[in-house]
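Below, each chain spelled out in residue letters.
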Amino acid sequence: EPEVTQTPSHQVTQMGQEVILRCVPISNHLYFYWYRQILGQKVEFLVSFYNNEISEKSEIFDDQFSVERPDGSNFTLKIRSTKLEDSAMYFCASRATSNQPQHFGDGTRLSIL
Amino acid sequence: AQSVTQPDIHITVSEGASLELRCNYSYGATPYLFWYVQSPGQGLQLLLKYFSGDTLVQGIKGFEAEFKRSQSSFNLRKPSVHWSDAAEYFCAVGPPGSARQLTFGSGTQLTVLP
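Quick note, the sequences are listed as chains Z and H, same order. Counted from 1, the first sequence has number 52 at position 52 by the numbering used here; the numbering is strictly sequential. Counted from 1, the second sequence has number 1020 at position 20 by the numbering used here; the numbering is strictly sequential.
Hints are computed from structural coordinates only; laboratory data are not their basis. C-beta atoms are modelled at their ideal positions from N, C-alpha and C, and glycine is treated no differently. Heads up, some of the hints might be wrong.
[As the list claims (entries may be wrong)] Keeping only pairs whose Cα atoms sit at most 20 Å apart, straight-line, the calculated DMTMM-like set for lysine to aspartate or glutamate is:
#1 H:Lys-1068 to H:Asp-1008
#2 Z:Lys-78 to Z:Glu-59
#3 H:Lys-1049 to Z:Glu-3
#4 H:Lys-1061 to Z:Glu-59
[Said to hold, decoys possible] With the Cβ distance kept under 7 Å, some of the chain H side facing chain Z (calculated, not the full set):
#5 Gly-1043
#6 Leu-1044
#7 Leu-1046
#8 Lys-1049
#9 Gly-1097
#10 Gln-1101
#11 Phe-1104
Take the sequences, apply the hints, and build the full model.
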């Protein structure tokens, strides 16, 4: 069964550095999402992406964050000037149509030191 | 605004016992409803979904869930729990017919005793 894949599985970064989290959605999917889960908290929506543009973003997704689909397969989340509170598990998800469920990757655990 | 409540933070059951995890939602209309499971260090795996139709939906790993409109609930059940079911379970809702994002509950951690 096709899967959403995320790399790396664990990223350790110094505070203030930039980090790029990578995702390869399922190949025929059209809608893409990033969520995050701070340790011990619920999964929170960050941003959705469709037709090469952001369709919706949460209050969390401020100017520090950006997303890109640089080619036909990758979907990236960039976090500039990372802060300690950015430490979390970041999940990528994709879906084929609006009437299909989202499929999640295994996540990238981001640790900011 | 939509919200999802999972009132049980942690549930412990014995292997072979039945299980019910509660989920209540607040939404303007009947949303799409989902249950996801997260094993330690893993991602979110879809257990089952409800879009419309039969209010009792079957999922993977022997799980089922029942949508009750009058109670705004979508409780997850399994008749006989296996040790491998120990994980965290998340209920989520999404707007029907829309590709907008999911709203998750805070999760229920399931411990299975031998």
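Index of numbered hints that the structure contradicts, given in increasing order: Failing hint: just 4.
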